[in-house]
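K.L.:
With chain H held as given, fit chain Z onto it using these hints.
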Amino acid sequence: MEELFYIFSFIAIFSALMVVIMRNPLTSALYLILCFFALAGLYVMLDMQFLAAMQILVYAGAIMVLVVLVIMLLNISRIKNVKSDLHQKIIGILIALILFIEIIVYIYNGAQKNPTGIFTEALIKKVGNTKIIGQFLFTVYMLPFEIASVLLLVAIVGAYLFAKKKY
Amino acid sequence: MNNYLTVASIIFCIGALGVITRKNLIVVFMSLELMFNAANLGFVAASNYLNLISGDIFVIFIIVVAAAEAAIALGIAIAFYREKGTLDIDRANELKN
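Residue numbers (my numbering), protein chains in the order written: chain H, 1 to 167; chain Z, 1 to 97.
These are computed hints drawn from the structure, not numbers from a lab. Zero decoy hints are in this set.
Derived CB-CB ranges, DEER-like: (1) H:88 - Z:2: 27 to 35 Å; (2) Z:2 - H:49: 20 to 28 Å; (3) Z:92 - H:27: 19 to 27 Å; (4) Z:83 - H:156: 20 to 28 Å; (5) H:24 - Z:78: 17 to 25 Å; (6) Z:88 - H:91: 17 to 25 Å; (7) Z:83 - H:112: 46 to 54 Å; (8) H:145 - Z:1: 24 to 32 Å; (9) H:57 - Z:89: 26 to 34 Å.
With a cut-off of at most 30 Å between alpha-carbon atoms, the simulated DSSO-like pairs for lysine-lysine come out as follows: (10) H:126 - H:113; (11) H:125 - H:113; (12) H:89 - Z:96; (13) H:164 - Z:84; (14) Z:96 - Z:23; (15) Z:84 - H:89; (16) H:164 - Z:96; (17) H:164 - Z:23; (18) Z:23 - Z:84; (19) H:89 - Z:23; (20) H:113 - H:131; (21) Z:84 - Z:96.
On the chain H side, residues computed to face chain Z include the following (Cβ under 7 Å): (22) 39; (23) 148; (24) 155.
Built from N, CA and C at the ideal position, the CB exists for glycine as well.
Extracted from the complex, chain H is given alone in its bound form:
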């Protein structure tokens, strides 16, 4: 188990780095798909198989297909690739480093709460995580679920309006 965690997190971090470094947007899109698959592997290790399936279906399936389609549609290789200036790079690395140190300090020095919930690993394995999530989604989180569907409808209309020729 331990080795699997290291393998998956190494793949995730490496491909995340490649997304930022690579010059060609299509290459970074493919590396981003690899990163999503590695994160799905980490979800499986955390006993959330349903979320791993959602991750692969929605992110690697739907969203990345949309991104690759737009890259193809705009024919990016024809566009002159603008290099980011050194000044901006230094500031970016500095900000990311400071943010990282801050988060790490909080993770390792913060007071940790003890586990309080009832959904232990054994219970989730016994009932099945899909069943538990479904029960919660349609009882306690019913209103957010409905609002999410309205949000998707708004997104459809908004995307149509943006991509139209004349506003």
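P.N.:
Below, chain Z alone, put in the same frame as chain H:
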């Protein structure tokens, strides 16, 4: 749990680095997706550690919002390209003066 949170924070910072440094609109959008995913991993790890289920429900809603955001962002990218003929985000400076 600390291991998972460390991985999540590393991916989040890489995404932030991409948002700040890169100039291509679509690459900036992909770095944003990276940050979303780092937050998701943090949610799942914390909810697994605390024996709760609400973190996992949150991740589902984050995925829904990310899908909606992807549709809008790519629509904006197409409109921007049609307007400017480029995807350089430094050309989006109408509000500057």
